[in-house]
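> Here's the letter readout for the chains.
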Amino acid sequence: MDNKWDLVWSSLWPIVQGGLTGTVPLALASFVIGLVIALAVALMRLNRNRVLSAVGRFYVSVIRGTPLLVQLFVIFFGLPSVGIQLDPWPSAIIAFSLNVGGYAAEIIRAAILSVPKGQWEAAHTIGMSGSQTLRRIVLPQAARVSVPPLSNTFISLVKDTSLASLILVTELFRQAQQVAAFSQEFMVLYVEAAVVYWVFCTILSAGQSALEKRLDRYVAH
Amino acid sequence: MSPTEDAALLEVRGLRKAFGGHEVLKDIDLTVRRGSVLALIGPSGSGKTTVLRCLNGLETPDGGTVAVGGGLSVDFGAKVSRKELAALRDRSAMVFQHYNLFPHMTVLQNVIEGPVQVQKRPRAEVIAEAEQLLARVGLEGRSGSYPFELSGGQQQRVGIVRALALKPQLLLFDEPTSALDPELVGDVLTVIKELADEAWTMVIVTHELAFARQVADEVIFMDGGVVVERGHPDTVLRDPAEERTRQFVHRLLNPF
Chain C
1 MDNKWDLVWS
11 SLWPIVQGGL
21 TGTVPLALAS
31 FVIGLVIALA
41 VALMRLNRNR
51 VLSAVGRFYV
61 SVIRGTPLLV
71 QLFVIFFGLP
81 SVGIQLDPWP
91 SAIIAFSLNV
101 GGYAAEIIRA
111 AILSVPKGQW
121 EAAHTIGMSG
131 SQTLRRIVLP
141 QAARVSVPPL
151 SNTFISLVKD
161 TSLASLILVT
171 ELFRQAQQVA
181 AFSQEFMVLY
191 VEAAVVYWVF
201 CTILSAGQSA
211 LEKRLDRYVA
221 H
Chain V
1 MSPTEDAALL
11 EVRGLRKAFG
21 GHEVLKDIDL
31 TVRRGSVLAL
41 IGPSGSGKTT
51 VLRCLNGLET
61 PDGGTVAVGG
71 GLSVDFGAKV
81 SRKELAALRD
91 RSAMVFQHYN
101 LFPHMTVLQN
111 VIEGPVQVQK
121 RPRAEVIAEA
131 EQLLARVGLE
141 GRSGSYPFEL
151 SGGQQQRVGI
161 VRALALKPQL
171 LLFDEPTSAL
181 DPELVGDVLT
191 VIKELADEAW
201 TMVIVTHELA
211 FARQVADEVI
221 FMDGGVVVER
231 GHPDTVLRDP
241 AEERTRQFVH
251 RLLNPF
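First to last, the protein sequences are chains C and V. The numbering used here numbers the first residue of the first sequence as 1 and each following residue consecutively. The numbering used here numbers the first residue of the second sequence as 1 and each following residue consecutively.
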């Protein structure tokens with residue numbers, strides 16, 4: 001029994017380190033890029049131009065209709081056969097960003113639609129352009145609505161980055177796998193990895209609550 | 001040409017607008033002299049709000065001309081450029097039935113948003129003016145509040161100040177007191193009355209007939225997308241020539 005606890009303690013830092021240098025930056029970078037893609041796709045879908053809106057719809061449909069693991073493999077193992085060779089990290093960031101882009105696009109689109117028409121009209125009457133209205137009036141209000149669902153997306157993403165271990169990115173789960181393969185203590189190490197993920201996600205949930213509180217300051221309670 | 005008391009600030013000719021085959025405005029003419037107040041009354045669906053919305057580009061008319069101030073006349077029968085529409089919009093400011101304040105901004109931010117972000121005027125100067133205007137409508141000390149912290153009447157007064165801060169030539173009011181609790185209506189009407197006394201040029205869509213009689217220089221009664229009757233408030237509201245006007249006024253004064 002002592003042996004197992006020793007193993008837990010000695011493997012804890014490598015696993016947490018894998019989380020801090022792999023999982024967290026991978027999730028953060030993918031989320032930020034994913035949000036930019038999502039905003040662009042949401043605006044395409046809301047555009048009166050039918051072609052743009054159809055392209056946006058198609059993108060969301062492909063991302064949501066195919067497994068993330070398949071998307072990751074197409075980029076890392078598939079693209080080299082058409083001459084595009086990417087390292088594990090860029091492959092993972094591209095795959096996760098595109099994936100987040102698809103899911104978050106629908107959240108952002110719905111959040112933009114939830115802002116009352118009167119807000120657009122008031123902005124118009126004070127002379128604002130469409131993009132000014134979006135930036136200063138609509139998106140700040142949409143942000144408040146979209147924090148809970150976007151937090152969901154982010155927390156899912158943090159866990160989904162474990163898939164990157166399959167294309168040899170050194171992150172939390174891959175560290176656990178390596179120690180497990182060496183020590184043959186699969187139960188101990190995979191439960192340990194699970195606990196570390198859980199702690200990470202709990203911290204994120206706390207961050208979500210703080211952000212919601214901040215954005216709620218202009219709403220009646 | 002210098003503007004004189006009698007010069008028309010707003011001149012609308014042959015205004016037409018249809019929504020999907022349904023004609024809501026059929027050939028509307030109206031003139032508002034500089035410094036005078038026009039009240040638009042009529043049953044819901046009569047087109048009075050649509051007239052107002054056509055005046056600052058919230059709706060694009062299908063035909064007719066709108067001229068505001070000197071030198072700007074937009075002919076909606078022809079192709080209208082974005083620039084013309086923007087120029088038309090910038091000459092007026094709108095006060096909405098449901099206030100439409102920006103909920104994520106404080107009172108002061110709501111008021112200075114247009115002058116600072118759109119008109120690019122110096123922030124400090126705009127803030128000083130805004131504080132003055134807020135004090136004038138009885139909202140001193142509230143500039144840091146968010147809209148949800150204010151009563152409906154206070155929110156609507158912020159809406160009015162937001163419009164004034166743009167320094168428009170023409171003020172448009174779309175049923176400014178219809179969403180208010182009865183005991184709050186008076187405060188807002190008092191503010192509008194003061195603006196009339198200061199010779200602001202205004203078009204007011206309203207159901208408050210007593211108020212219209214008090215502030216308006218002319219009343220237009222609309223029904224079914226046409227002007228049924230127009231004239232001095234005392235005539236239109238007390239002794240109308242048209243049967244439809246008589247019925248409407250009677251119904252509003254005697255709801256039961």
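Rather than coming from a laboratory, the hints here were simulated on the basis of the structure. Small disclaimer: the values here were computed from a predicted structure and weren't measured. Among the clues, some could well be false.
Sample of chain C residues at the chain V side, in silico, Cβ under 7 Å [stated by the list, open to error]:
1) G127
2) P140
3) Q141
Cβ atoms here follow ideal geometry from the backbone N, Cα and C, with glycine treated the same way.
> Take the hints in turn and mark each one as holding or not.
Going through the hints against the structure:
For G127/C, the shortest C-beta to C-beta distance to chain V is roughly 4 Å, which falls under 7 Å, so the interface hint holds. With a least beta-carbon distance of about 5 Å to chain V, the hint placing P140/C at the interface is held under the 7 Å criterion. Satisfaction of the interface hint for Q141/C is found here, the shortest Cβ-Cβ separation to chain V being roughly 6 Å, below the 7 Å cut-off.
The structure fails none of the hints (numbered hints given earlier).
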